[in-house]
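Each chain, written out:
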Amino acid sequence: MTAGIALELRGVWKRFGRTEIIRGATLAVRAGERVAIIGPNGAGKSTLFNLVSGRLAPSAGEILLHGARIDGLAPHVIHRRGLARSFQVSNLFTRLSVFENLRCAVLWSLGYRYSLWRLLSGLHDANARATELMAMLRLERRRDVLAASLTYAEQRALEIGLAIASGAPVVLLDEPTAGMSLAETRRFVQLIREVTQGRTLLAVEHDMGVVFDLADRIAVLVHGEVIAFDTPEAVRANPRVQEAYLGTTLAGEAGR
Amino acid sequence: MSEPRPASPGFRFRPWNLGRWLVWGTYALVLLGAPLAFTSSLAQTLISQAGIAIIVCLSYNLLLGEGGMLSFGHAVYSGLGGFVAIHVLNLASAGALHWPVSLIPLAGGLAGLFFATLLGFVTTRRAGTTFAMITLGIGELVWSMSLMLPEFFGGEGGVTGDRVVGKAVLGVTFGPQVQVSLLIGAWCWACTAAMFAFTRTPLGRLLNAVRDNPERVAFIGFSPQRVRWIAFMVAGFFAGVAGGLAALNFEIVTAEVVGAPRSGAFLLFTFLGGTSAFFGPIIGGVLMVLGTVVLSQLTKAWPLYLGLAFLVMVMAAPGGIASLVLANLRLAAHGRLRAFGRLYAALAASGAAALAGASAMIEMVYHLELNQALGPMMRFGGLALDASHAPAWVGAAALLAAGGILFEVARRRFRVRWDEAQVDIGRVLARREAA
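Those protein sequence lines, which keep their order, are chains A and B. In terms of my numbering, the first sequence has 111 at position 105, counting the first letter as 1, and numbering is strictly consecutive. In terms of my numbering, the second sequence has 1389 at position 321, counting the first letter as 1, and numbering is strictly consecutive.
Just chain A, same shape as in the assembly (with noise of 0.2 Å):
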């Protein structure tokens, strides 16, 4: 176990039957640290993210939070524990309000547990804590209407502040800017930059400029493997990536 060390993957494997989607990847984020996952359409990053967030149970390997396993453990025991995720496809409360949506995400962490015998309008705290995230997310003049009624872009919005609402120390943000303008992409980024603030991060993400952008480090998954990590400047020069992306060319990506 190594201090500092929020998330660590050791030899993880995933097979399907015979398919081999993760093989051995080997992985250490440091705390406070924002890293980016990027590799080619299949190479098995949110795959990745759905062994490390509980989806999925690895078939080999071992994945530590914060010096303590967590492969194999459900979902919400995952949570409990302090990692939260965002979703590639918006993944809502579609039949509540954003208020709802958010208070909803701050119960567990403000200690409420399968509560029946107190309501919820008395539970200043949790209404104060999903106040203050619609602040954040810029959302508190949708505060009534229905999550399936939001607009693309503010949906994406109430996807990742389900994601920070728990204050969990690592957020894993699954494609956050997928399917967003560039106006938009670059609003986003600067939002994600807020709420993630003291917090560990990874991203999966396909848009470069937001990868240079946002990362201290940089991941490279190629088949399924952790072929680099390290800085964006000698993400970019490795030889290995560039062999991977044959045919794009990273720094031009990053410059656009």
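Hints listed in this document are in silico derivations from the structure and should not be mistaken for laboratory results. Among these hints, one or two may not hold up.
[What the hints assert, rightly or not] Quick list of simulated restraints, FRET-style, between CB atoms:
no.: 1; chain 1: A; residue 1: Q94; chain 2: B; residue 2: L1204; range: 43 to 53 Å
no.: 2; chain 1: A; residue 1: E231; chain 2: B; residue 2: F1378; range: 53 to 63 Å
no.: 3; chain 1: A; residue 1: A34; chain 2: B; residue 2: T1185; range: 37 to 47 Å
no.: 4; chain 1: A; residue 1: Q248; chain 2: B; residue 2: E1283; range: 36 to 46 Å
no.: 5; chain 1: B; residue 1: A1254; chain 2: A; residue 2: D131; range: 31 to 41 Å
no.: 6; chain 1: B; residue 1: A1466; chain 2: A; residue 2: Y158; range: 50 to 60 Å
no.: 7; chain 1: A; residue 1: V95; chain 2: B; residue 2: T1197; range: 17 to 27 Å
no.: 8; chain 1: B; residue 1: L1204; chain 2: A; residue 2: A154; range: 23 to 33 Å
no.: 9; chain 1: A; residue 1: Y158; chain 2: B; residue 2: F1378; range: 29 to 39 Å
no.: 10; chain 1: B; residue 1: A1469; chain 2: A; residue 2: Y158; range: 43 to 53 Å
no.: 11; chain 1: B; residue 1: E1319; chain 2: A; residue 2: V95; range: 55 to 65 Å
no.: 12; chain 1: A; residue 1: V95; chain 2: B; residue 2: A1401; range: 35 to 45 Å
no.: 13; chain 1: B; residue 1: L1238; chain 2: A; residue 2: A154; range: 46 to 56 Å
All C-beta atoms, glycine included, are put in the ideal place defined by N, C-alpha and C.
Got chain A; can you put chain B on it based on the hints?
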């Protein structure tokens, strides 16, 4: 009729805020005033059964509307609650147990809670279709147990009891029906308030979240199975209370109370009343009694009419009567309801004509099939019809056709106007939000 849009946030049923005293006070007044005001035996029957049906439909909607759990076996919990309640009543009668009659429904509720805890552990592991299939399986299981264990279920004759136990307390023996009706009214009010409060608790809101997206609930720290399970217990408790009240009301519990037809009725009437608003099942409960008690007195074909009503509701207004009420309240709030007065009258008149024609034919078929010994003449709404001759059939068919065509014309117009009004209101709301 067009599908009503979800009500605007300004028109949610929320007596917890403004006017809560008025709403809950009126509700108590109706529940306790009705048994005192209407003393005929038919009225007492209707009122007491409606109180019970309201509790059971509300409890069912905790599963269906609040939790997205389509149960085909809710009668298991109301029924087993009823059986335990009548056994507790008999133990109290025999002096073996000191349990006041007014709290017999609590015994039913605890039994419902117990069985929901036990069986719900398996049932609520999964959601969706799997959940529905498991409830169906457990319903069949308990039904077959009722035939195998006559000591508990009383065999074909059921279990009887006597609700007059011991000396009268303050003159209340629960012998007269009106006293039972009042007891049911009081329990109905308390259960409604408790279930409404439940929907305002953290667990109640998490249950909505599980309905919308169980997977995401796990990623905010809660186990969706656990949320469903606890909600299932709560619903089982209130179903058991209703079963216990029914045991007191009828002083007999037979095996059919745990059967699939009973579970089906809970689903049907909760849906008719409306699952998306809290008060929908209250309407559903009243309809259940009107449908099964009054309609079954009027015609042998009553299940056919109920089936038709269910079909029409599923297609025209899947949100049930409650959604129609809310949609019209929304129109009224924007001053648009009056414009629909004539259209509603046209729909009602043409619909009634079509229904009269259709039901005349249905009744004639039933009369010819079931009452042959009585001859072809039958009474239908004050008319004497000869079911064996053409004129009655032609007349009924003509009425159905004319009513149907006029209804369709009115419906199309209504639809256009309705959609226009909704678009206008949407614009007004959007402008208000932007301002």
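Structure-based check of all given hints:
Q94(A) and L1204(B) have their C-beta atoms about 36 Å apart, which leaves the hinted 43 to 53 Å range violated. A hinted range of 53 to 63 Å holds for the C-beta pair E231(A) and F1378(B), which are about 58 Å apart. Restraint check, A34(A) to T1185(B): a C-beta distance of roughly 45 Å satisfies the suggested window 37 to 47 Å. For Q248(A) paired with E1283(B), a C-beta distance near 38 Å keeps the hint of 36 to 46 Å intact.
Between A1254(B) and D131(A) the Cβ separation comes to about 36 Å, which falls inside the hinted range of 31 to 41 Å. Distance hint check for A1466(B) and Y158(A): the Cβ-Cβ separation is about 55 Å, which falls inside the suggested range of 50 to 60 Å. Between V95(A) and T1197(B), the C-beta spacing of about 22 Å keeps the proposed range 17 to 27 Å intact. Checking the proposed 23 to 33 Å range against L1204(B) and A154(A) shows it holds: the Cβ atoms sit about 30 Å from each other.
About 37 Å separates the C-beta atoms of Y158(A) and F1378(B), a value consistent with the hinted range of 29 to 39 Å. The given range of 43 to 53 Å is respected by A1469(B) and Y158(A), whose C-beta atoms sit roughly 49 Å from each other. A hinted range of 55 to 65 Å holds for the C-beta pair E1319(B) and V95(A), which are about 57 Å apart. The hint said 35 to 45 Å for the Cβ distance between V95(A) and A1401(B), and at roughly 36 Å that hint holds.
Distance hint check for L1238(B) and A154(A): the Cβ-Cβ separation is about 54 Å, which falls inside the suggested range of 46 to 56 Å.
Violated hint: 1 only; the structure is consistent with all others.
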